[in-house]
Amino acid sequence: GQQLNQSPQSMFIQEGEDVSMNCTSSSIFNTWLWYKQDPGEGPVLLIALYKAGELTSNGRLTAQFGITRKDSFLNISASIPSDVGIYFCAGHYNQGGKLIFGQGTELSVKP
Amino acid sequence: DGGITQSPKYLFRKEGQNVTLSCEQNLNHDAMYWYRQDPGQGLRLIYYSQIVNDFQKGDIAEGYSVSREKKESFPLTVTSAQKNPTAFYLCASTYASGTVKFFGPGTRLTVL
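Chains as they are written, first to last, in the numbering used here: chain C, 1 to 111; chain W, 1001 to 1112.
Hints may contain errors.
In silico lysine-lysine, DSS-like type, Cα no more than 25 Å apart, as pairs [what the hints assert, rightly or not]:
hint : chain 1 : residue 1 : chain 2 : residue 2
1    : C       : K98       : W       : K1070
2    : C       : K98       : W       : K1014
3    : W       : K1083     : W       : K1014
4    : W       : K1070     : W       : K1014
Keep in mind that the hints were calculated from the coordinates and are not lab data.
All figures in this text were calculated on a predicted structure; none of them were measured in a lab.
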């Protein structure tokens, strides 16, 4: 079946540094989503991407839908302590179809 | 405020007991989903329902059961047949043709 590989699995960075994480798929997707999950809470949607090549920003976050439709990237600029959490990518092939999740990237920010 | 609620937040169960997790949404979403999350892993789909009185198995449905008698509610029962039920359970919902899923706050189930 479809699989998503998300990397890195974890990151330990200093406050103020930029962060980059990515997801690659064995199949093409029509939609890429990025979620953030705080400890003990449900994931919250950060950015949704609907078109190959699309680059979308949400504050200090920027995500891109890869041209091949098999990958996506999330960048966080000037990290702050509240960025701590687990970031998930998710891909969707068709409307109403199954959403496939990556394994998550756990981000730790040292003040 | 519109949203998804899950209760309880924490649940403890003895081995051999069935337990039901609640999920309610007032977003008027058509579809609802249950996911299981284990440490260091992504979300795995247990069951989903796209309309009332209908639901389908996800990737790890064994040992679980659901019902969808109302549009707003999608309870999940973890049965004694589930061999390793300790996990964080997340409910989500979306419109019928939607791709973005909105998640509830989760229920952490611990089997003692």
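To see whether the hints hold, each was checked on the structure:
Annotation: proposed proximity of K98(C) to K1070(W) holds, straight-line Cα distance about 22 Å (limit 25 Å). Simply put, K98(C) and K1014(W) have alpha-carbon atoms about 33 Å apart, too far for the 25 Å limit, and the pair is violated. Taking the CA atoms of K1083(W) and K1014(W), the gap is near 12 Å; set against the 25 Å cutoff, the hint holds. Between K1070(W) and K1014(W) the CA atoms are separated by roughly 29 Å; this puts the pair beyond 25 Å, and the hint is violated.
Checked against the numbered hints listed earlier, the structure breaks hints 2, 4; every other hint is satisfied.
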